[in-house]
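Visitor: Kindly produce the complete structure, drawing on both the sequences and the hints.
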Amino acid sequence: MKSKKRGARQAPPLMEFEVVEITDPAEIAALEERIRGAEAAFAAAAANSGKAKSVKKRPRNGSVPPAA
Amino acid sequence: MMSAAAVTPRIRLMAVCDGVRESKTESGVYHPRGVRHSIVADGFPHVPARLRLFLHLSSPRPGMHPGYVRVVNDRTDKAIFHGNLTPTPAFDGDHAIRAASIGLGGAFQEEGGYTVQVWFFQDQGNDVLKGEASFSVVSEDT
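For the record, the sequence lines run as chains S and D.
FYI, the numbering for the first sequence is 1 to 68, going by my numbering.
FYI, the numbering for the second sequence is 1 to 142, going by my numbering.
Derived by calculation from the structure, the hints in this document are not laboratory data.
You can take every hint at face value.
The list that follows gives simulated cross-link-like pairs (lysine-lysine, DSBU-like), each with its CA atoms no further than 30 Å apart:
| # | chain 1 | residue 1 | chain 2 | residue 2 |
| --- | --- | --- | --- | --- |
| 1 | D | Lys78 | D | Lys130 |
| 2 | D | Lys24 | S | Lys5 |
| 3 | D | Lys24 | S | Lys4 |
Computed from a predicted structure; not experimentally measured.
Guide: Written out as structure tokens, the structure is:
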């Protein structure tokens with residue numbers, strides 16, 4: 001039977017997810033450890049990004065640095 | 001300059017709601033119901049009867065993207081709920097954007113702010129946080 005829905009070929013159906021709760025304390029601890037690792041890596045990347053910006057702002061050869 | 005394509009799906013839209021219905025007449029149209037930034041609790045611990053997350057995910061790459069959801073109490077910074085996305089989000093390469101509805105669980109122990117986070121695993125490297133939505137739980141008495 002032909003679908004009467006407009007644009008039926010353009011979009012796939014809604015993805016329905018059920019979240020399966022993690023109740024095992026060891027599994028939760030492992031997940032939290034992964035999250036801490038990800039947050040630490042993100043913080044380090046942000047800090048490096050800040051350093052890169054300050055390097056960019058350094059006076060180029062021949063330019064005069066501002067007076068202290 | 002072209003930006004690099006993300007390895008994990010991007011979250012284009014994220015809303016905490018009571019439910020989502022797909023349009024019966026038009027493809028690619030969805031009707032979220034009860035989009036909320038707060039939940040009124042009649043007592044604690046409070047387990048909402050219905051709580052879902054509505055997402056628009058995009059990925060230019062076909063493949064499976066396993067992920068998980070976390071609900072964090074903003075005051076304590078502790079998660080009150082962890083859950084894996086089941087089934088694993090999948091993109092076929094033909095449809096770069098997909099709408100998703102995710103059932104949330106968890107018992108809210110107190111009033112206050114909470115944040116729903118959506119994380120994806122990566123084959124290489126750390127897990128990535130791709131979306132956050134904040135909402136508050138308030139007591140009926142206040």
